[in-house]
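If you want the building blocks of each chain, they are given just below.
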Amino acid sequence: MSTLALLLTQSVSALSQSALLFFLGVGLTLIFGLMRIVNFAHGALYMLGAFVGYSLSSWSGNYWLALAGAPVLVGLFGAAFEFTILRRLYRRDAHAFLMVTFGLALVVGEAVRLTWGSDALQVAAPPLLSGVIFLLDEPFPVYRLFLAATGIVMAVAIWQFLERARLGLLIRATSQNADMASALGVDIKLIRSCVFGIGCGLAALGGVLAAPLVTASNGMAATVIIDAFVIVIIGGMGSFLGSLIGALLIGFVQVFGNYYAPDFALAFMYLVMLAVLVVRPGGLLGKEA
Amino acid sequence: MRGATRLLIWIVVALALVLAPLGLPPFAMTLLTEAVILGLFAMSLDLMFGYTRLVSFGHAAAYGLGAYACGWMLLHTGMPLLFAVFAAGLLTGLMAIGVGWICTLATGVSFSMLTLAFAQLLSAISFKWTSVTGGSDGLAGIPRTIGPFGFAALSSKTGFYYLALGCLVGGFLVCSALVRSPFGAVLRGIRENEAKTTALGYNTRLYKIAVVAVAYGLGGLAGALYAPFAGFANTELLFWLLSGQVLIMVIVGGAGTLIGPVLGAAFFMLMEHQLSALTEAWALYFGLIFIAFVLFAPQGIWGLATTRLRRATPIARRP
Amino acid sequence: MSGQFRPSRRAMLKVGLAGAATVASPAILRLSAEAQTGPIKIGLPLALTGALGSVGQQQKRGAELYAKLQNAKGGILGRPIELLIEDTAGNPANCVRKAQEMVERWDCRLLTGITLSSEALAVVPKLAEWDSIFISSDNGDGRLTAESLVPNFFRANISGPMGTRAVSLYLRDSKLQKFYALGLDYAWGHNSVQVFEQEALKGKKEFLGKIFAPTGTKDYSPYITKIRQSGADAVFLVLQGDDNNAFLSQAQQYRLPEKVKLLTEIVDLASIRAVGDASLGLIGSSRYSFTYDHPLNNEFVALWKKEHGTFPDTFEGEQWQCMKVFEAGITKAGGIEAAKLRTALEDIEIESVKGKVHIRKCDHQGVQQGFMVEVVKKQGFDTPVPQVIATFPGESTTPTCNTMTFKD
Numbered sequence: 001m002s003t004l005a006l007l008l009t010q011s012v013s014a015l016s017q018s019a020l021l022f023f024l025g026v027g028l029t030l031i032f033g034l035m036r037i038v039n040f041a042h043g044a045l046y047m048l049g050a051f052v053g054y055s056l057s058s059w060s061g062n063y064w065l066a067l068a069g070a071p072v073l074v075g076l077f078g079a080a081f082e083f084t085i086l087r088r089l090y091r092r093d094a095h096a097f098l099m100v101t102f103g104l105a106l107v108v109g110e111a112v113r114l115t116w117g118s119d120a121l122q123v124a125a126p127p128l129l130s131g132v133i134f135l136l137d138e139p140f141p142v143y144r145l146f147l148a149a150t151g152i153v154m155a156v157a158i159w160q161f162l163e164r165a166r167l168g169l170l171i172r173a174t175s176q177n178a179d180m181a182s183a184l185g186v187d188i189k190l191i192r193s194c195v196f197g198i199g200c201g202l203a204a205l206g207g208v209l210a211a212p213l214v215t216a217s218n219g220m221a222a223t224v225i226i227d228a229f230v231i232v233i234i235g236g237m238g239s240f241l242g243s244l245i246g247a248l249l250i251g252f253v254q255v256f257g258n259y260y261a262p263d264f265a266l267a268f269m270y271l272v273m274l275a276v277l278v279v280r281p282g283g284l285l286g287k288e289a
Numbered sequence: 001m002r003g004a005t006r007l008l009i010w011i012v013v014a015l016a017l018v019l020a021p022l023g024l025p026p027f028a029m030t031l032l033t034e035a036v037i038l039g040l041f042a043m044s045l046d047l048m049f050g051y052t053r054l055v056s057f058g059h060a061a062a063y064g065l066g067a068y069a070c071g072w073m074l075l076h077t078g079m080p081l082l083f084a085v086f087a088a089g090l091l092t093g094l095m096a097i098g099v100g101w102i103c104t105l106a107t108g109v110s111f112s113m114l115t116l117a118f119a120q121l122l123s124a125i126s127f128k129w130t131s132v133t134g135g136s137d138g139l140a141g142i143p144r145t146i147g148p149f150g151f152a153a154l155s156s157k158t159g160f161y162y163l164a165l166g167c168l169v170g171g172f173l174v175c176s177a178l179v180r181s182p183f184g185a186v187l188r189g190i191r192e193n194e195a196k197t198t199a200l201g202y203n204t205r206l207y208k209i210a211v212v213a214v215a216y217g218l219g220g221l222a223g224a225l226y227a228p229f230a231g232f233a234n235t236e237l238l239f240w241l242l243s244g245q246v247l248i249m250v251i252v253g254g255a256g257t258l259i260g261p262v263l264g265a266a267f268f269m270l271m272e273h274q275l276s277a278l279t280e281a282w283a284l285y286f287g288l289i290f291i292a293f294v295l296f297a298p299q300g301i302w303g304l305a306t307t308r309l310r311r312a313t314p315i316a317r318r319p
Numbered sequence: 001m002s003g004q005f006r007p008s009r010r011a012m013l014k015v016g017l018a019g020a021a022t023v024a025s026p027a028i029l030r031l032s033a034e035a036q037t038g039p040i041k042i043g044l045p046l047a048l049t050g051a052l053g054s055v056g057q058q059q060k061r062g063a064e065l066y067a068k069l070q071n072a073k074g075g076i077l078g079r080p081i082e083l084l085i086e087d088t089a090g091n092p093a094n095c096v097r098k099a100q101e102m103v104e105r106w107d108c109r110l111l112t113g114i115t116l117s118s119e120a121l122a123v124v125p126k127l128a129e130w131d132s133i134f135i136s137s138d139n140g141d142g143r144l145t146a147e148s149l150v151p152n153f154f155r156a157n158i159s160g161p162m163g164t165r166a167v168s169l170y171l172r173d174s175k176l177q178k179f180y181a182l183g184l185d186y187a188w189g190h191n192s193v194q195v196f197e198q199e200a201l202k203g204k205k206e207f208l209g210k211i212f213a214p215t216g217t218k219d220y221s222p223y224i225t226k227i228r229q230s231g232a233d234a235v236f237l238v239l240q241g242d243d244n245n246a247f248l249s250q251a252q253q254y255r256l257p258e259k260v261k262l263l264t265e266i267v268d269l270a271s272i273r274a275v276g277d278a279s280l281g282l283i284g285s286s287r288y289s290f291t292y293d294h295p296l297n298n299e300f301v302a303l304w305k306k307e308h309g310t311f312p313d314t315f316e317g318e319q320w321q322c323m324k325v326f327e328a329g330i331t332k333a334g335g336i337e338a339a340k341l342r343t344a345l346e347d348i349e350i351e352s353v354k355g356k357v358h359i360r361k362c363d364h365q366g367v368q369q370g371f372m373v374e375v376v377k378k379q380g381f382d383t384p385v386p387q388v389i390a391t392f393p394g395e396s397t398t399p400t401c402n403t404m405t406f407k408d
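Residue numbers (our numbering), protein chains in the order written: chain A, 1 to 289; chain B, 1 to 319; chain C, 1 to 408.
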C-alpha cells in the first residue's frame, strides 16, 4: 500500500471512529452543561441503543427503522427518568447525581441482559451500505463512509440547532444561567427533561450506529464510558464544539497511534488528556477551571 | 444522656469487633476482615470527598498501588508482613504527593478526570510491565511472611483480622484528629467556599495536596492489607470500576462522617455478595437500592443510624 | 512475555504456599462427616454476568445438564450431586471470596467452572489451604500447568498452547508460507502468539510479525491495515468474545479475508452467531464442537438438543467433559477427600465426547485430541457450522510436561 493510500484510508477510518465518539460525547456534554450531572449511565444507554436497534431491525428487517427508532425510544426513556427521578435532586448535592446515575447504569445494564440474553447479537448493516469502495485501490467499507458522513451531518445539525432553533437557544440560555432564564419565563423543568432525553438519545444513536461494527453485546457499556468522559473533558465539559474537537482528537490519536505504536494503545487517551488538562485545566474550550 | 448513650454504643461495638473471632464462624470472619479492609479504603476517600469536596474518580490507584507494592515486597524480598504493609502504605502516600500536585492544577470535574487519568495510566503500566507486576496475571500466591521478629501471630486468620482492625482503628484516629484540628477546619473551608478560604490567606492548593497524600496513603494501606489477605494483586484493583464503587460506598454510607463510609463499604460488599447468591439479576436490585437511597435516605446509612438514635438534627452536610 | 520456565518464581510460589498453608490457616480444613457421606457438592464460581457472561452461562448449562442426568441415575457412588453456582461477574476478588465461602461455609471441596484465567490464577494458590480440588473446564492459560501449577489443580480442557499447536501442525502441510499474528494484549494472547511463532519457525515457515490489541478495542482498522500491509498469506488470531466478534465483522467489511487467510485459536458457535457470514472460511482450532463424530458426542448432542433445543457450544461441551472427569475420579477414589481424589485423578483415563482423555500425572493436563475446523455453510443449518477438517493425536498436541513448548 502506498503511503498516500495508507494515510487516506487511515484518516477516513479515524473520521468514522470520531463520529461514533462524537455521538457519545455530545450527549454527555449537553447533559453536564445544563444540569451539572456527570452521567455514569451514559455507556449503558449507548448499549441500550444498540440492543433496541437490534430488536427493531430484526423485527422489521429494516436497519433504517432501527437507526431512527432506537434513539427516539431511548431518548424517551431518558426523559421519563429525568421527569420521575432526577427532577427531585436538583436542590441536592452533586453526590446524589453520582449515585443515582451509578444505580441507573447497573439497572439498565442488567435489564439489557435479562431482556436480550448474555450472547452478543448481530446487527447487520443495510445492503446499501455493506459494500466497499476503492480509495486509491484499497478497499474501504462503505459503512464507515456513512458513519463519517452521518457524523458531519449531525454535528452541523446540532450546531445549527443550538445556534438558531428556539429550543437550542433556550438550552444555551439555561446552561449559562438557569435562574435568570427561569425569571424570564423559561420552563426550565421542560428544558431539563428535553436535554436529558436528547443526551440519552444521542448516546443510543452512537450505539445503534456502532452495532454493525462491534455487535450488540453486554460488554459494550464498559468499553465506551471512559472514552466518553475523556472526550468531553478534553474538549471542555459543557462545550458542544469541545466535544467535537475531543472526538476528532481521540479518534485520530487512537487510529494512528495504535498503528504506529501499538504498545501504547492503552495509554494514548490518558496521555492526551493529561497533556491537555495540565496546559488548560478546564479543557480546550471549557470554562470551568 | 446523649453523650453517655453514644459512649455505650461505641463500647459495645468495640467489644463486638474485638471478640468477633471467638463467636463467628470462619467464613463470617473472612467477610468481616474484608469489610474492615474495604472500610479503611472508603474512609480514606472520605477525607478527600466528604471533608474537602475533592471528588476522586481514581481512588483505586491508591488501593492497587498499595496492594502491588506490598505483594511485590512479600513475594520478592524477605520482608515480614507488618513492615511490608506499612511500607507499602507509606510509599503510596509519598507517590500521591506527586499525583496530588498535578491533579490540583485543576478543580471540579477536571480534577476528577485527572485522578482517573492517573489510575488508568497506572493500570496500563501494571498491564504492560509484566516482569514486575505480572502483567494481566498479576501477583499470585502472596505469602504472609513471618519474618525475624516473630510476628507469627499476625499471619494466622485471626491475627490478620486484628492487624486489619488495628489499621482501621488507627486510620480512624488519624483522620479524626486531622479533621478536628485546624488543618481540618481549613479543609472544611475549602469544601464550603474555596475562594473565600484563599482570600483568608490560606494556600488551599497545598492543603489539597496534603489531604490527597494522606488519603492515598491510607488507601494504599488498605490495599497493602488486601494483598496478603486475598493472596493476590492484579489489575482489577486499579480499575475504574473499583474507583466508582468506593465513591458509592462513601456516599451510601454518608460522606463527611468517617464512620459512614466504613459502614457503606461493609454494606456494599455484603449486599453484593448476598444478592449475587440469591439471583443472577442481582445488579438490577443493587442499582435500585442505590436509587432508593438517593431518594429516601440522602444522608446515607450513618445518617439513618444517627437520626434514629438521636431524634435530633441529623448530621447534615449541606451543599 | 516469556513462555519460558522461570524456576525462581516457581520456587517462590512453593515457599509462599508452604508458608501460607502452615501459618495462614489454623489447620487444614477438615472434611466434615456430612461432607464425606452426604451429597457431593461441586462449586462453580462463574462469571454469569458481565462481558464474559455468555461463557459462564455455557459452563452453567453444561454442569446443570450433567448433574440432572447423573442424579437421575443415582448420582456418583450413590450420592446425589449438588451444584453450588454463584456469579462473580468476572472479578477475581469476588471469585476468591465466593470460592472461599463455598469451602469454608458450605464445606464444598470440589471446584470447577472458573471462567476467567485471572480468576483461576487468584484461586489456585489457595487450594492447598482449602484442601480442595479444582478441575478447570475452560481456563486456557498455559501457566496453570507450568510455573503456576499446584498439586490440587487439574485441567480437563484444551489449553491455549494446545490449540495453537493444533493450528501449527495443520499448517505444516499447507501451502501458506508467510504468517502474521494478532492477539489480545494480555497473558493468553501473548502466550499463544509466542507458541505459534516458535511452531511456525519449526515448520520452516516465515513469521513476519505480531501485534497486540487491548481488550475492549472497538476499532480494529489500524490492526487490519497492519495485517494487510504485512504481506502475509495468513494471520493467526488469538481473540475471544467481543473483541473476536468486532475484529471478524470489521475484517470482513474491509474485505481482509480475500487477501489474507484468517486462522484462529478458538472457534465457537456464539461467535459464529454474532458475526454471521463474516465467519465463513475461518479456520481454527476447536476446543469442542458438536460436529465431532464420536458415539459419546452424538449421544451428548442428542441429549442437549432434547433439553435445550439447540446444539451444544464449546464451553458447554468442555464443562460436560470436565464433569465426567470428576465422576471418574470420585468413583475411582471412592470419595471426595482431596488427597485420595488427587491420587485417583492422576493418570486417570476416560472416554469422552472428544475421544480419549488422559490426565497426565506430571502436570495434571488432560491429554486429548486436537481438532481443526473450518466454518462453512451447511444444508439444514441456518447459521454456518464448524466442520472438522483435521484431527491430531493428543500426544502431539500436548506440550512437554510443565512447559508451554513442544518437542518436535
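Derived by calculation from the structure, the hints in this document are not laboratory data. No residue lacks a Cβ here, since even glycine has one placed at the ideal position from N, Cα and C. Please note: incorrect hints may appear among the correct ones.
Here chain B is said to cover these stretches of chain C; the calculated rule only asks that three of the stretch's residues, wherever they fall, bring their Cβ under 8 Å from a Cβ of chain B [said to hold, decoys possible]:
#, region
1, 96-106
2, 111-122
3, 139-150
4, 180-187
5, 372-384
Going through the hints against the structure:
1. 96-106: Contact hint for the region 96-106 of chain C vs chain B: holds, 7 residues under 8 Å.
2. 111-122: It holds, with 4 qualifying residues against the three required.
3. 139-150: It holds: at least three residues are needed, and the region 139-150 of chain C offers 3 whose Cβ sits within less than 8 Å of chain B.
4. 180-187: Satisfied; 3 residues make the cut.
5. 372-384: violated (count 0)
When the structure is compared with the earlier hints, a violation turns up for hint 5 alone.
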